[in-house]
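S.K.: The chain contents come next:
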Amino acid sequence: MKVAVVRFPGSNCDADALHAAAAAGAETTYVWHRSADLGGADVVVLPGGFCYGDYLRPGAIARFSPVMRAVAAHAAAGRPVLGICNGFQVLCEARLLPGALARNAGLSFVCRPVTIRVESDATPFTARYARGQVLRMPVAHGDGRYVADPDTLDRLEREERVVFRYVGGNPNGAMRDIAGITNEGRNVVGLMPHPERAADALLGSEDGAAMFALAGVAAGV
Amino acid sequence: MSRFRARVRVMPRPSILDPQGQAVSHALGELGFAGVGDVRVGRAVEVLLEAATADAAREGALKMCERLLANPVTEDYVLEGVEPAP
Numbered sequence: 001m002k003v004a005v006v007r008f009p010g011s012n013c014d015a016d017a018l019h020a021a022a023a024a025g026a027e028t029t030y031v032w033h034r035s036a037d038l039g040g041a042d043v044v045v046l047p048g049g050f051c052y053g054d055y056l057r058p059g060a061i062a063r064f065s066p067v068m069r070a071v072a073a074h075a076a077a078g079r080p081v082l083g084i085c086n087g088f089q090v091l092c093e094a095r096l097l098p099g100a101l102a103r104n105a106g107l108s109f110v111c112r113p114v115t116i117r118v119e120s121d122a123t124p125f126t127a128r129y130a131r132g133q134v135l136r137m138p139v140a141h142g143d144g145r146y147v148a149d150p151d152t153l154d155r156l157e158r159e160e161r162v163v164f165r166y167v168g169g170n171p172n173g174a175m176r177d178i179a180g181i182t183n184e185g186r187n188v189v190g191l192m193p194h195p196e197r198a199a200d201a202l203l204g205s206e207d208g209a210a211m212f213a214l215a216g217v218a219a220g221v
Numbered sequence: 222m223s224r225f226r227a228r229v230r231v232m233p234r235p236s237i238l239d240p241q242g243q244a245v246s247h248a249l250g251e252l253g254f255a256g257v258g259d260v261r262v263g264r265a266v267e268v269l270l271e272a273a274t275a276d277a278a279r280e281g282a283l284k285m286c287e288r289l290l291a292n293p294v295t296e297d298y299v300l301e302g303v304e305p306a307p
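Heads up: the sequence lines are chains A and B, in that order.
What the first sequence shows, in our numbering, is residues 1 to 221, in sequence order.
What the second sequence shows, in our numbering, is residues 222 to 307, in sequence order.
Keep in mind that the hints are not guaranteed to be accurate.
To give an idea of the interface, some chain B residues facing chain A are shown, with a C-beta separation under 7 Å as derived from the structure [to be verified]:
| no. | residue |
| --- | --- |
| 1 | P240 |
| 2 | A244 |
| 3 | N292 |
| 4 | V294 |
| 5 | T295 |
The set of hints was computed from the structure by calculation and includes no laboratory data.
A virtual CB, placed ideally from N, CA and C, is assigned to each residue, including glycine.
Let the hints inform the model, and build the full structure from the sequences given.
M.R.: Below you can see the structure in the form of structure tokens.
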């Protein structure tokens, strides 16, 4: 399995994500945002950070980077894409996931461990978790409040596309405590918490490691 | 082709909580401004562009709003004006 981590100007969790993927046994590569292809990767990770300085809105400018056409094609082909934090914001701006991430309700940048519950194990990134499993990992964002119109929220719930929910406290005011969602095809997942920062016992939690150990994704599939 | 300045106002949608507006409302109250109610904080964008006519400039500016300047999930936009620019 080959994992590509996309680097935008302002990405800052790229090395952590690459490390977590490598630790999970994947072949790894960085892909610069100006690249028009993904280097033959099976899985794409859009990492955390502040691409383009969050100008206009987080993710708004990154969406037009050449690599995003390749990411959209990869997603349309049903292949796995994971957006973490800023990567989640980019996926929403690119309309690969519904809704948007708005300024935290409390206005403060929130950087601390949170507890989330796995609501769906039907994605490649959560197949190794059990539904209902509770995970501990950090958030680090100023714009993490998931918002969408009521119809979209109802649809996400009805189709079991809410993948993670905050439990025991919602750090940003996200609607319906949503921490992560997936697309209709279940192959694109975005979440605000940082699994790559909880992928090794040295970091205080290994709960995120399994997100990088994709079951059933073979090279070339 | 002529030069135009398009002025766009982007505001958080009424259904979306605006914590910045709430904080500003609170601060105005603290400063002693009586009767301050709801405050909403948005963004103003000015775009200088070349177009054949003012209508063409307006059409271009509206497309920019739809595609980039506003996020339709969270924001509404108003094209406040398109005027000739030097």
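S.K.: Each hint needs a verdict: does it hold in this structure or not?
M.R.: For each hint, the structure was consulted:
no. : hint : in the structure
1   : P240 : holds, 5 Å
2   : A244 : holds, 6 Å
3   : N292 : holds, 5 Å
4   : V294 : holds, 4 Å
5   : T295 : holds, 5 Å
Violated hints are absent here; each numbered hint is respected by the structure.
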